[in-house]
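**Student:** Chains as they are written, first to last, in our numbering: chain A, 1 to 357; chain B, 1 to 357.
Keep in mind that the hints were calculated from the coordinates and are not lab data. All C-beta atoms in this analysis are idealised placements derived from N, C-alpha and C, irrespective of residue type, glycine included. Some hints here could point you the wrong way.
Computed footprint of chain B on chain A; a stretch qualifies when at least three of its residues, placed anywhere within it, have a C-beta under 8 Å from a C-beta of chain B [claimed, not checked]:
no., region
1, 24-37
2, 68-78
3, 90-101
Number of protein chains: 2
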Amino acid sequence: MSLPNPASFVCPLPLRDYPHIVMGHGGGGQLSAELIEHLFLPAFGNTQLNRLGDSAVLASPPGRLAFSTDSFVVRPLFFPGGSIGELAVNGTVNDLAMSGARPLWLSAAFVLEEGLLLATLGAIVERMAAAARAAGVAIVTGDTKVVERGHGDGCYINTSGIGVVPDGAEIDSALARPGDVVLVSGYLGDHGMAIMSVREGLAFESATGSAPIESDCAALHTLVAAMLAAAPGGVHVLRDPTRGGAAATLNEIAASTALGIALNDDAIPVRPTVRAACEMLGLDPLYVANEGKLLAIVAPEAEQAVLGAMRVHPLGRDARRMGTVQAAPQGMVTVRTGLGATRIVPVPLGEQLPRIC
Amino acid sequence: MSLPNPASFVCPLPLRDYPHIVMGHGGGGQLSAELIEHLFLPAFGNTQLNRLGDSAVLASPPGRLAFSTDSFVVRPLFFPGGSIGELAVNGTVNDLAMSGARPLWLSAAFVLEEGLLLATLGAIVERMAAAARAAGVAIVTGDTKVVERGHGDGCYINTSGIGVVPDGAEIDSALARPGDVVLVSGYLGDHGMAIMSVREGLAFESATGSAPIESDCAALHTLVAAMLAAAPGGVHVLRDPTRGGAAATLNEIAASTALGIALNDDAIPVRPTVRAACEMLGLDPLYVANEGKLLAIVAPEAEQAVLGAMRVHPLGRDARRMGTVQAAPQGMVTVRTGLGATRIVPVPLGEQLPRIC
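Go ahead and model the full structure; you've got the sequences and the hints to work with.
**Tutor:** See the structure below:
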């Protein structure tokens, strides 16, 4: 059995120092190793990742673990206020934070499309690294696959995360009670409309005379920690209203608890630019995705303490009460309008803006 | 602000009970919920997953955690001996096992292409569930995204996993020593050649008069546990030779330890059908991917105990010594042929068979 020249093994034949991703970058050989050594390790490097084992080995923290996963397929890869990189880090950090956890470790798995510019991947990776540093989490393990041109969309990223849930933090939809208040940490709809503004080439800013709409993409775990510290046991439910917006999230809570959620239309915070853009497109901001906002269902006696803690945090400055939890109508979300009428906020069927995250 | 009919939000408009994946299945609304309720929960359901929170909350096991991630983009989705479903479960189970860990929990994140038959997804999910049951791991958290037709390839799956590393298990490339032996758990190259056989429509079986080549896809953690128990401290390094095959894996170990690995050509186990298929295509089985085999670098005094434990395990029946670790030539893998000559096994540049996992 003779050994063919390994330089001929790769299909298609890559050029070393080629400016694009080639199939061989996903092959587990020298091209994969170069991607790791020259791109991923300089950006993400830490003791765990540097070992380059099949898995990271970590000291198990005492207590309870939170474990979450999210794939990111946002289009375009870069948008006002962020990129798929920040989104991939903050999205999983936030999923962990919504169980009250302090995020510790992330994995990062890339599915790259043949032909992606290495410079583009480099920019994404730098933004992931910066977001991870800002959030205080370490990217400890990873994976890269490459698919042929026409079988991907540049770059898809999966991040999974592990966090530790502090003793005493009990966050669960099942804890919502009639009389609880529904708090929101800030303006709704920024992320979805920022994506729409670039994807559809819409110049909302010129229509409204104000600044462009930017994604709210941010890591919420320090806000959550401040809220939990302000009112131990007072925060019952935490959710980040991403795909499907606040409408989808609140409907899920209403359905799973068989309680009603009544919102006050005047108290739903939407920036004028976002409202104008939504009206132009016939969209309801309640259904538009957010990537740096949370909804909290809080015991009424804890409301002031929690709101106070939120408002001194940079990500909760505009926090407010948006509604209340009621015994009826069971499983439904309603909005009371300024005119005194009540309308139902139905479950969205799908997503009005696909590939928003 | 008026509320448009939410049934009109989805783009493209889905039909309920539609037999294909539509964009709305990734939207976080009712179609996503139906996929979860009717497909994922019946297959994977467990206390953790059933909570449907943004993250799973788990009792932290004492000791050390192993954490790993892997995306699967294999083409075709089904092949002799397995599917992307078994691969996604066993691949991450094996990555955890290679640090000596007992796998506990997996995440499962799907990137689906618009137009995928729901029946196909159902079959994949059933195979994942069966593989998870067989491996004794629970799928505790998940995510689904949908990309437009032409921006995916049916189904990509990411699994991440958490395991617990037993006290005393110290598995690390850095522990390899000159004089250690290199063990292999069975025949090499089955997975890669099984994929090739369907992808290229090659009928190796007729060429050789024997059964079709099947993938070796299997979960190796119980084999690992038996090996560690048989010789505490005797197993220094464990790796599963997937992409790039044994050649890539052994070269990585040689490079990171600055030791040499000398293989004996006569002791490299390759099935006759796989050898014939490789020769037909001009491939070297050492470079072909495996999904149910491991390489172990073991202290010489532990060799007999470890081999004995492997050979009574169904996945280690054909285990053998394939070579030794030597002080020189540093960082290189060599093969001594039956004729007494020595050839170098170079690092593969990429992958001879792309999208093998």
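**Student:** If a hint holds in the structure, say so; if it does not, say that too.
**Tutor:** Status of each hint after checking the structure:
no., hint, result
1, 24-37, "holds (count 10)"
2, 68-78, "holds (count 6)"
3, 90-101, "holds (count 6)"
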